[in-house]
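Asker: Modelling step: build the complete structure from the supplied sequences, incorporating the hints.
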Amino acid sequence: GDSVTQMEGPVTLSEEAFLTINCTYTATGYPSLFWYVQYPGEGLQLLLKATKADDKGSNKGFEATYRKETTSFHLEKGSVQVSDSAVYFCALSHLQGAQKLVFGQGTRLTINP
Amino acid sequence: GAVVSQHPSWVICKSGTSVKIECRSLDFQATTMFWYRQFPKQSLMLMATSNEGSKATYEQGVEKDKFLINHASLTLSTLTVTSAHPEDSSFYICSAGTASQETQYFGPGTRLLVL
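Top to bottom, those sequences are chains X and C. If you want this note's numbering, it's the 1-based position in the first sequence plus 1. 96 is the number that this note's numbering gives to position 111 of the second sequence; each next residue is one higher, with no gaps.
Calculated from the structure, these hints are not laboratory results. A couple of the hints might just be wrong.
[What the hints assert, rightly or not] Straight-line alpha carbon distances no greater than 30 Å define the calculated DSBU-like cross-link-like pairs of lysine-lysine that follow:
#1 C:LYS5 - C:LYS51
#2 C:LYS40 - C:LYS5
#3 X:LYS101 - C:LYS51
#4 C:LYS26 - X:LYS69
#5 X:LYS57 - X:LYS101
#6 X:LYS101 - X:LYS61
#7 C:LYS26 - C:LYS51
#8 C:LYS5 - C:LYS49
#9 C:LYS26 - C:LYS49
#10 X:LYS61 - C:LYS26
#11 C:LYS49 - C:LYS(-1)
#12 X:LYS69 - X:LYS53
#13 X:LYS57 - X:LYS78
#14 C:LYS51 - C:LYS(-1)
#15 X:LYS69 - X:LYS57
#16 X:LYS101 - C:LYS49
#17 X:LYS101 - C:LYS40
#18 C:LYS40 - C:LYS(-1)
#19 C:LYS26 - C:LYS5
#20 C:LYS5 - X:LYS101
#21 X:LYS101 - C:LYS26
#22 C:LYS26 - X:LYS78
#23 X:LYS57 - C:LYS26
#24 C:LYS26 - C:LYS(-1)
#25 C:LYS51 - C:LYS40
[To be verified] Chain X regions said to be covered by chain C (calculated; three or more residues, Cβ under 8 Å):
#26 46 to 57
#27 103 to 110
Here a beta-carbon is modelled for each residue, glycine too, at the ideal position from N, C-alpha and C.
Answerer: Quick look at the structure:
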């Protein structure tokens, strides 16, 4: 079945550091890929998404490129801020419409000032 | 953006009692709602998918008689944990979406503690 694997956390960085959170997936066909973020005490929020190979999703300085050849969707940010501290989830879904999401295990990110 | 609410945000109950959690889409009509369970420091595990007006589809290993899901309208779905036990203590999260949009909108979650 479909699965998503993220790099294990927790990840701790200093402010303005470069961030990479690795995500790889196993799926049939061509799923859509997502990054969700969960801030402390809040629900999940969609951070960015990509629906086909070579698409780049971006939002709030974060980027991720859909790499079909490596089945990856790594999350990157050039300069992190303390406010980026949260748990980040990589996920995939098939087809269109409100299809069910398969999540990775989540990566907790802490940014120190 | 679209808003999904959950009520209550947290609940403590005695073992053997039943608990109902509500999930509402406040500013859009949700044709599909999903219920997830999240254990501490772990990912979200999908429990069931519910479409308005039809029976929920449960994931393998989820007891449908224990976790009753009702999706009676396009803005409301409920999850009832029947005869709750301490092992049912968890963080329950709902999400809502429409057939025309790929994005799901998540509620803030309900923390359940069964004593």
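Asker: Compare the structure with each hint and give your call.
Answerer: Do the hints match the structure? See the list:
At roughly 12 Å between alpha-carbon atoms, LYS5 (chain C) and LYS51 (chain C) fall within 30 Å of each other, so this suggested pair holds. Only pairs whose Cα atoms come within 30 Å are accepted, and LYS40 (chain C) paired with LYS5 (chain C) is accepted, the gap being roughly 17 Å. Taking the CA atoms of LYS101 (chain X) and LYS51 (chain C), the gap is near 21 Å; set against the 30 Å cutoff, the hint holds. Taking the CA atoms of LYS26 (chain C) and LYS69 (chain X), the gap is about 29 Å. The hint holds against a cut of 30 Å.
Restraint check: the Cα-Cα separation between LYS57 (chain X) and LYS101 (chain X) comes to about 22 Å, which is no more than 30 Å; the hinted pair holds. This hinted pair checks out: LYS101 (chain X) and LYS61 (chain X) have alpha carbons roughly 25 Å apart, not beyond 30 Å. At most 30 Å may separate the alpha-carbon atoms for a hinted pair to count; LYS26 (chain C) and LYS51 (chain C) meet this at roughly 24 Å. Distance hint between LYS5 (chain C) and LYS49 (chain C) is fulfilled; the C-alpha atoms sit about 14 Å from each other, no more than 30 Å.
At roughly 25 Å between alpha-carbon atoms, LYS26 (chain C) and LYS49 (chain C) fall within 30 Å of each other, so this suggested pair holds. Annotation: proposed proximity of LYS61 (chain X) to LYS26 (chain C) holds, straight-line Cα distance about 25 Å (limit 30 Å). Restraint check for LYS49 (chain C) and LYS(-1) (chain C): the C-alpha separation of about 21 Å stays at or below 30 Å, so the hint holds. The straight-line distance between the Cα atoms of LYS69 (chain X) and LYS53 (chain X) is roughly 8 Å, inside the 30 Å bound, and the hint therefore holds.
About 13 Å separates the Cα atoms of LYS57 (chain X) and LYS78 (chain X), which keeps this hinted pair within 30 Å; it holds. Note on LYS51 (chain C) and LYS(-1) (chain C): the hinted pairing holds, with a Cα-Cα distance of about 16 Å set against a maximum of 30 Å. Restraint check for LYS69 (chain X) and LYS57 (chain X): the C-alpha separation of about 12 Å stays at or below 30 Å, so the hint holds. Taken as a hint, the LYS101 (chain X) and LYS49 (chain C) pair is honoured in the structure, with Cα atoms around 18 Å apart against an allowance of 30 Å.
Taken as a hint, the LYS101 (chain X) and LYS40 (chain C) pair is honoured in the structure, with Cα atoms around 16 Å apart against an allowance of 30 Å. With a CA separation close to 28 Å, the supplied pair LYS40 (chain C) and LYS(-1) (chain C) stays within the 30 Å bound. Distance hint between LYS26 (chain C) and LYS5 (chain C) is fulfilled; the C-alpha atoms sit about 24 Å from each other, no more than 30 Å. Simply put, LYS5 (chain C) and LYS101 (chain X) have alpha-carbon atoms about 23 Å apart, close enough for the 30 Å limit, and the pair holds.
Taken as a hint, the LYS101 (chain X) and LYS26 (chain C) pair is honoured in the structure, with Cα atoms around 21 Å apart against an allowance of 30 Å. Proximity of LYS26 (chain C) to LYS78 (chain X) is assessed by CA-CA distance (about 23 Å); at most 30 Å being required, the pair is judged to hold. For the proposed pair LYS57 (chain X) and LYS26 (chain C), the alpha carbon gap of about 28 Å is at most 30 Å, so the pair holds. Using a Cα cut-off of 30 Å, the hinted pair LYS26 (chain C) and LYS(-1) (chain C) holds, with the two alpha carbons roughly 25 Å apart.
Between LYS51 (chain C) and LYS40 (chain C), the direct Cα distance comes to roughly 15 Å. Compliance with the 30 Å bound is thereby established for this hinted pair. Counting residues of the region 46 to 57 of chain X whose CB lies closer than 8 Å to any CB of chain C gives 4, which reaches the minimum of 3, so the coverage claim holds. As drawn, the region 103 to 110 of chain X meets chain C at 6 residues by the rule of a beta-carbon pair under 8 Å; at three or more, the given contact holds.
Every hint from the earlier list agrees with this structure, and none is contradicted.
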